[in-house]
Amino acid sequence: MNSPATTAAGSAAIAPTRTPAFEARLAKRYRAERNFRLMGLGAVIFSVAVLVFLLGNMLVNGIAGFQRAEMPVTINFVEAGVEGDAVSLTAPTALQTLEMGGLPDVVEFYAEAQLGEDAARELSPDAWRDVAAALMADPALIAGTRTFQLAASSNLATGLAGEGSPEMQALANRLVSEGKLAKNWDWGFLARSDATSPQAVGIWGALKGSILTMLVTLVLAFPVGVLSALYLEEYAPKNRWTDIIEVSINNLAAVPSIIFGLLGLAVFLAIFPNMRSAPLIGGMTLALMTMPVIVISGRNAIKAVPPSIRDGALAVGASPVQVVFHHVLPLALPGMLTGTIIGMARALGETAPLLMIGMRAFVATPPDGFTSPATVLPVQIFLWSDEINRGFVERTSAAIIVLLAFLLLMNGLAIYLRNKFEKSW
Amino acid sequence: MTVIHPNMNDESAKIRARDVCVFYGEKKAIDNVSIDISPDYVTAFIGPSGCGKSTFLRCFNRMNDTIGAARVTGRIELEGENILDNTMDVVQLRARVGMVFQKPNPFPKSIYENIAYGPKIHGLADKKADLDVIVERSLTRAGLWDEVKDRLDDSGTALSGGQQQRLCIARAIAVDPEVILMDEPASALDPIATAKIEELIDELSGRYAIVIVTHSMQQAARVSQRTAFFHLGKMVEYGPTSEIFTNPIEERTKDYITGRYG
Chain A
432 MNSPATTAAG SAAIAPTRTP AFEARLAKRY RAERNFRLMG LGAVIFSVAV LVFLLGNMLV
492 NGIAGFQRAE MPVTINFVEA GVEGDAVSLT APTALQTLEM GGLPDVVEFY AEAQLGEDAA
552 RELSPDAWRD VAAALMADPA LIAGTRTFQL AASSNLATGL AGEGSPEMQA LANRLVSEGK
612 LAKNWDWGFL ARSDATSPQA VGIWGALKGS ILTMLVTLVL AFPVGVLSAL YLEEYAPKNR
672 WTDIIEVSIN NLAAVPSIIF GLLGLAVFLA IFPNMRSAPL IGGMTLALMT MPVIVISGRN
732 AIKAVPPSIR DGALAVGASP VQVVFHHVLP LALPGMLTGT IIGMARALGE TAPLLMIGMR
792 AFVATPPDGF TSPATVLPVQ IFLWSDEINR GFVERTSAAI IVLLAFLLLM NGLAIYLRNK
852 FEKSW
Chain B
634 MTVIHPNMND ESAKIRARDV CVFYGEKKAI DNVSIDISPD YVTAFIGPSG CGKSTFLRCF
694 NRMNDTIGAA RVTGRIELEG ENILDNTMDV VQLRARVGMV FQKPNPFPKS IYENIAYGPK
754 IHGLADKKAD LDVIVERSLT RAGLWDEVKD RLDDSGTALS GGQQQRLCIA RAIAVDPEVI
814 LMDEPASALD PIATAKIEEL IDELSGRYAI VIVTHSMQQA ARVSQRTAFF HLGKMVEYGP
874 TSEIFTNPIE ERTKDYITGR YG
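So the sequences go chain by chain: A and B. The numbering of the first sequence is my numbering, which starts it at 432 and goes up by one. The numbering of the second sequence is my numbering, which starts it at 634 and goes up by one.
The hints are simulated quantities; they were obtained by calculation from the structure and are not laboratory data. Positions of the beta carbon are idealized from the N, C-alpha and C atoms, including for glycine. The reader is advised that the hints may include incorrect statements.
[Unchecked claim] These stretches of chain B come out as covered by chain A in the derived footprint (C-beta under 8 Å, 3 or more residues): (1) 694-706; (2) 751-760; (3) 797-805.
[What the hints assert, rightly or not] Result set (DSS-like, lysine-lysine): computed pairs, CA atoms no more than 30 Å apart in a straight line: (4) B/Lys-753 - B/Lys-742; (5) B/Lys-782 - B/Lys-760; (6) B/Lys-760 - B/Lys-742; (7) B/Lys-660 - B/Lys-782; (8) B/Lys-782 - A/Lys-851; (9) B/Lys-867 - A/Lys-734; (10) B/Lys-829 - B/Lys-782; (11) A/Lys-851 - B/Lys-761; (12) A/Lys-734 - B/Lys-742; (13) B/Lys-887 - B/Lys-867; (14) B/Lys-661 - A/Lys-734; (15) B/Lys-660 - B/Lys-867; (16) B/Lys-761 - B/Lys-742; (17) B/Lys-867 - B/Lys-753; (18) B/Lys-887 - A/Lys-734; (19) B/Lys-736 - B/Lys-661; (20) B/Lys-867 - A/Lys-851; (21) B/Lys-661 - B/Lys-887; (22) B/Lys-736 - A/Lys-669; (23) B/Lys-887 - B/Lys-760; (24) A/Lys-851 - B/Lys-753; (25) B/Lys-660 - B/Lys-829; (26) B/Lys-829 - B/Lys-742; (27) A/Lys-669 - B/Lys-661; (28) B/Lys-736 - A/Lys-734; (29) A/Lys-669 - A/Lys-614; (30) B/Lys-661 - B/Lys-742; (31) B/Lys-782 - A/Lys-669; (32) A/Lys-639 - A/Lys-851; (33) B/Lys-736 - B/Lys-753; (34) A/Lys-614 - A/Lys-639; (35) A/Lys-851 - B/Lys-760; (36) B/Lys-782 - B/Lys-761; (37) A/Lys-851 - B/Lys-742; (38) B/Lys-782 - B/Lys-742; (39) B/Lys-867 - B/Lys-661.
Using the sequences and the hints given, assemble the complete structure.
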């Protein structure tokens, strides 16, 4: 049947790749590809839109969170007879000395004189502390006159925002028109800590708590993670035990974070019972959570180092340790850093395990060390979002912006380090 | 079964292998090979793919140690010392027996660092000046000095394939080894780079005992004075290169040389 004649006739008719059926199939393939590309593009556009909406919303709300309603009060310290000198104002007890010396009354007196009685009543009860802080920072002020922008009460601030009781709104409007009330940029937000009034809160306490906690996490998780990855990949024999260890590490990375919090509560707080809420305990708990991520990414980075580099180093007589530390580790480091930063970013945003070990306490002063009570940014955001006072909404957004900025900073550092160490082969 | 031409076993042999077997798990990759490697000549191992010639070569500097499942039995003496012995210091052995691989594998460091690495870890140079001398001498011997002397700080991986391979040869001779093993050193290179490598092997022979594995019979004929033919894990025939290529004794060698299989 397969005679030369039929073959010749077939090819003379039409080549199989030139038939209409083939062209129809070709068109279908192109259509499928176009559809897939459109779908992918759509997905990207959708996620970018969501991100832009989220960030935009955060930014619009958060900008107001970086501002606060303030009233100007000029205080003549000499006339008021406030006592103090360079020595007493820099002593640790300066705040008490000023309070006993009647600074709150002095502030109230000048406020009443300059703003009127009704406005002075709506001055934040803690306003005198700002004055005291200024005096302690610069004792020379005590010999002169100075205008302070003092925080309004949260009721008046709500009134200024066009909400709250009609009387407050009216008072706010009148004061604004008289130039006695304005929303000012509040740099103090980045320097103060938690407080009961949204007018007096700051983020520094939580930010410092986060920084200290992250330091503990990094110092514990990075070396342990990297060394575990190196040992498992380079030295450990491949047997049932290492298989079990590998499975355990992979499972550890998937354990819900609150379980780690329970572990921290049951183990770390049992060992250090008087360190509740301390960054040290928080960092140890988060390190448990971060370490498996570093081990897994580290092992993948080590696997990606070409065996030829190892062979080359062994062949010139490098010992196994020298091969690891001179060749494998430098080449695997960029990948390890990427894994570390992913783990750290997750730890930075983690709330649940820290709630378990008591980092949700109301902490009004920034922690002075790894063992003093602290809170962290995401927990602070969680706590503020729970507050009833309207002023906390904007403060919460501002805190989220600070958290995101911190995250970006960390990521930027990681990208910088990765590019610095990255080599081609 | 193994045909060894006359005068191949001499007293001055650098490496003396006796009854060497290599197992990968259950599989016997090398079966009872005995061979003497002369310090004065280039010895070529030829044979079809999978015949075990590279595996056998890697016994000489114990690179098979890095493969968990590999097991080597028999004796391999380097100047009378059994290198398969457990007491043999592998690091020292590899300083004495250098190796060049099939694919150029310079370290992703500068050209200078590539050469200086071996001398540094072995403490062969105390001062920077001594190291400079070693780097220049090694690169000169590898015929690369003139091409790279102005860019010693550039990355070794930025060189062309042929230059990278000569860099690897320079790296091997920087620690002043007694033997250099070459595992198909030119198979990833173009003909011009290959010619340069072959020229280099010619120049280095005599100073170092060189053992080269190649799947190119022309290359074996060009660069070596001794040739061993391997087939299915056994050494079939070992003799002077001219004899092997013109007057092989074994039928299988003749078939391979004339291109009937392989």
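Hint-by-hint comparison with the structure:
For the stretch 694-706 of chain B, the stated coverage by chain A is satisfied: 4 residues place a CB nearer than 8 Å to a CB of that chain, which reaches the threshold of 3. Counting residues of the stretch 751-760 of chain B whose CB falls under 8 Å from any CB of chain A gives 3; the rule of at least 3 is met. Interface restraint, the stretch 797-805 of chain B with chain A: holds (3 residues with C-beta to C-beta distance below 8 Å; minimum three). At most 30 Å may separate the alpha-carbon atoms for a hinted pair to count; B/Lys-753 and B/Lys-742 meet this at roughly 14 Å.
Restraint check for B/Lys-782 and B/Lys-760: satisfied, since their Cα atoms lie roughly 20 Å apart, inside the 30 Å limit. Distance hint between B/Lys-760 and B/Lys-742 is fulfilled; the C-alpha atoms sit about 20 Å from each other, no more than 30 Å. Pair hint B/Lys-660 plus B/Lys-782 does not hold up; C-alpha atoms about 48 Å apart against a cutoff of 30 Å. For a cut-off of 30 Å, the pair hint linking B/Lys-782 to A/Lys-851 stands: about 26 Å separates their Cα positions.
Between the alpha carbons of B/Lys-867 and A/Lys-734 the distance comes to roughly 34 Å, so the proposed pair goes past 30 Å and is violated. Annotation: proposed proximity of B/Lys-829 to B/Lys-782 holds, straight-line Cα distance about 18 Å (limit 30 Å). Between A/Lys-851 and B/Lys-761 the alpha-carbon distance is near 26 Å, which keeps this suggested pair within the 30 Å criterion. For the hint pairing A/Lys-734 with B/Lys-742, the CA-to-CA distance comes to about 20 Å; that is within 30 Å, so the pair holds.
Distance hint between B/Lys-887 and B/Lys-867 is fulfilled; the C-alpha atoms sit about 16 Å from each other, no more than 30 Å. Note on B/Lys-661 and A/Lys-734: the hinted pairing holds, with a Cα-Cα distance of about 28 Å set against a maximum of 30 Å. As the CA atoms of B/Lys-660 and B/Lys-867 are separated by approximately 13 Å, the hinted pair is consistent with the 30 Å bound. Annotation: proposed proximity of B/Lys-761 to B/Lys-742 holds, straight-line Cα distance about 17 Å (limit 30 Å).
This hinted pair does not check out: B/Lys-867 and B/Lys-753 have alpha carbons roughly 39 Å apart, beyond 30 Å. The straight-line distance between the Cα atoms of B/Lys-887 and A/Lys-734 is roughly 44 Å, outside the 30 Å bound, and the hint therefore fails. For the suggested pair B/Lys-736 and B/Lys-661, the alpha carbons sit about 26 Å apart, so the restraint of at most 30 Å is met. For a cut-off of 30 Å, the pair hint linking B/Lys-867 to A/Lys-851 is broken: about 50 Å separates their Cα positions.
A hinted pair counts as satisfied when its Cα atoms are at most 30 Å apart, and B/Lys-661 with B/Lys-887 qualifies at roughly 25 Å. For the suggested pair B/Lys-736 and A/Lys-669, the alpha carbons sit about 28 Å apart, so the restraint of at most 30 Å is met. Among the hinted pairs, B/Lys-887 with B/Lys-760 is inconsistent with the structure: their alpha-carbon atoms are about 54 Å apart, more than 30 Å. Taken as a hint, the A/Lys-851 and B/Lys-753 pair is honoured in the structure, with Cα atoms around 25 Å apart against an allowance of 30 Å.
Taking the CA atoms of B/Lys-660 and B/Lys-829, the gap is near 38 Å; set against the 30 Å cutoff, the hint is violated. A hinted pair counts as satisfied when its Cα atoms are at most 30 Å apart, and B/Lys-829 with B/Lys-742 qualifies at roughly 24 Å. Under the criterion of a C-alpha separation no larger than 30 Å, the hint pairing A/Lys-669 with B/Lys-661 is consistent with the structure, at around 22 Å. Between B/Lys-736 and A/Lys-734, the direct Cα distance comes to roughly 19 Å. Compliance with the 30 Å bound is thereby established for this hinted pair.
Straight-line distance between C-alpha atoms of A/Lys-669 and A/Lys-614 comes to about 66 Å, which puts the hinted pair past the 30 Å bound. Taking the CA atoms of B/Lys-661 and B/Lys-742, the gap is near 38 Å; set against the 30 Å cutoff, the hint is violated. About 45 Å separates the Cα atoms of B/Lys-782 and A/Lys-669, which puts this hinted pair outside 30 Å; it is violated. For the hint pairing A/Lys-639 with A/Lys-851, the CA-to-CA distance comes to about 28 Å; that is within 30 Å, so the pair holds.
With a C-alpha separation of about 24 Å, the suggested pairing of B/Lys-736 with B/Lys-753 holds against the 30 Å cut-off. A hinted pair counts as satisfied when its Cα atoms are at most 30 Å apart, and A/Lys-614 with A/Lys-639 qualifies at roughly 27 Å. Between the alpha carbons of A/Lys-851 and B/Lys-760 the distance comes to roughly 29 Å, so the proposed pair stays at or under 30 Å and holds. The straight-line distance between the Cα atoms of B/Lys-782 and B/Lys-761 is roughly 16 Å, inside the 30 Å bound, and the hint therefore holds.
About 14 Å separates the Cα atoms of A/Lys-851 and B/Lys-742, which keeps this hinted pair within 30 Å; it holds. Straight-line distance between C-alpha atoms of B/Lys-782 and B/Lys-742 comes to about 16 Å, which keeps the hinted pair within the 30 Å bound. Restraint check for B/Lys-867 and B/Lys-661: the C-alpha separation of about 10 Å stays at or below 30 Å, so the hint holds.
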